[in-house]
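Colleague: Sequence:
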Amino acid sequence: MHNIIRTAFDNGVTFFDAAEAYGPLEVERILGEGIASFRNKVTVATKFGWDIDPETGQWKGGLNSKPEHIKKAVEGMLKRLRTDRIDLLYQHRVDPQVPIEDVVGAIQDLMKEGKVLNYGLSEPGAQTLRRAHTVHPIAAIQNEYSLLWRGPEQTIIPLCEELGIGFVPWSPLGVGFLTGAIDANTHYAQGDIRGGESRFSADNIKNNLALVEILKKWAIKKEATPGQISLAWLLAKKPFIVPIPGTTQMAHMKENTGAASIKFSAGELDEFNREVDAIKIMGERLPAGVLALSGVEAPEKKM
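Take the sequence shown: its position 184, counted from the start at 1, is 184 in UniProt numbering, and no numbers get skipped.
One should not assume that every hint holds.
Quick list of in silico lysine-lysine cross-link-like pairs, DSSO-like style, CA-CA up to 30 Å [said to hold, decoys possible]: (1) Lys-301 / Lys-263; (2) Lys-237 / Lys-302; (3) Lys-66 / Lys-263; (4) Lys-237 / Lys-60; (5) Lys-60 / Lys-41; (6) Lys-301 / Lys-280; (7) Lys-280 / Lys-115; (8) Lys-72 / Lys-302; (9) Lys-301 / Lys-222; (10) Lys-263 / Lys-280; (11) Lys-221 / Lys-263; (12) Lys-60 / Lys-302; (13) Lys-71 / Lys-301; (14) Lys-71 / Lys-112; (15) Lys-301 / Lys-238; (16) Lys-238 / Lys-302; (17) Lys-112 / Lys-66; (18) Lys-280 / Lys-216; (19) Lys-112 / Lys-221; (20) Lys-263 / Lys-216; (21) Lys-217 / Lys-302; (22) Lys-221 / Lys-237.
Simulated restraints on C-beta separations [claimed, not checked]: (23) Gln-190 / Gly-267: 39 to 49 Å; (24) Gln-249 / Asp-109: 36 to 46 Å; (25) Ile-220 / Gly-151: 45 to 55 Å; (26) Met-303 / Ala-251: 21 to 31 Å; (27) Ala-181 / Gln-108: 24 to 34 Å; (28) Phe-38 / Gly-62: 30 to 40 Å; (29) Lys-238 / Pro-287: 23 to 33 Å; (30) Ile-193 / Gln-97: 23 to 33 Å; (31) Leu-291 / Thr-56: 21 to 31 Å; (32) Gly-114 / Ala-184: 44 to 54 Å; (33) Ala-126 / Thr-43: 19 to 29 Å.
Treat the hints as calculated values from the structure; they're not laboratory data. Idealized CB from N, CA, C, for every residue including glycine.
Make the full structure from the sequences, and use the hints.
Modeller: Printed below as a string of structure tokens:
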């Protein structure tokens with residue numbers, strides 16, 4: 001992984017995303033080691049919000065955005081990332097037990113200490129986003145967004161545009177679906193969350209594969225891959241949208257970074273949008289228990 005990270009940097013990648021929940025803790029360690037020689041030339045984002053022991057990585061269950069926990073979590077992040085500051089710190093999911101004003105207040109304390117430079121929210125409710133931004137300007141919102149899941153177009157992306165907030169799509173390749181690597185015969189390993197997503201069920205995937213066929217057609221036309229077309233579409237949407245495709249394979253990393261060179265003319269983009277807009281994606285994007293953590297509104301702060 002270190003070689004992939006360093007090669008990505010050599011290929012022009014300057015924004016790296018992690019989270020304490022990934023591993024848990026291991027991805028931050030790997031990233032910190034990988035970027036050590038060029039730390040000051042890149043932007044590092046990571047996330048807090050789960051009830052994870054910052055020393056052992058033990059999951060305690062559920063969410064935890066209590067101010068004292070946030071501060072302990074950040075101390076662990078700084079050590080694992082081998083850095084003295086986090087460029088962009090996200091709340092991974094809104095905690096329904098903690099007012100967002102208290103969360104942002106804790107982050108402001110960390111900013112005063114120079115340990116956090118900017119902050120954002122991941123999968124927040126729209127009102128929580130507004131409330132947080134009122135306390136301290138949000139730098140970025142991270143939500144799932146791709147040709148396979150376009151829900152943020154309804155409220156969150158327009159809100160980001162209104163408030164001048166960056167938008168960072170996670171899973172911009174639709175957990176691999178938009179690359180053409182998944183079909184009706186795909187079997188998922190135990191623990192693979194895709195096995196519990198109804199959009200990949202036997203009843204729905206055949207319908208949804210029509211989207212991949214469009215991507216394959218355009219890939220031939222643009223001398224690219226379906227995944228590159230998917231990423232190029234995101235890059236063409238808005239200048240403040242920055243997708244973060246993840247990979248553990250060198251070839252995929254190089255393919256993903258190559259998407260930046262693919263451009264649509266205005267006419268091509270109109271034609272492409274008409275084709276993909278005609279397809280209704282069937283099924284939910286996440287298992288019900290996980291989906292329930294998205295779009296949550298933080299409780300009001302009691303005065």
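Colleague: Which of the listed hints are broken here?
Modeller: 1, 2, 3, 4, 5, 6, 7, 9, 15, 16, 19, 21, 25, 26 and 27
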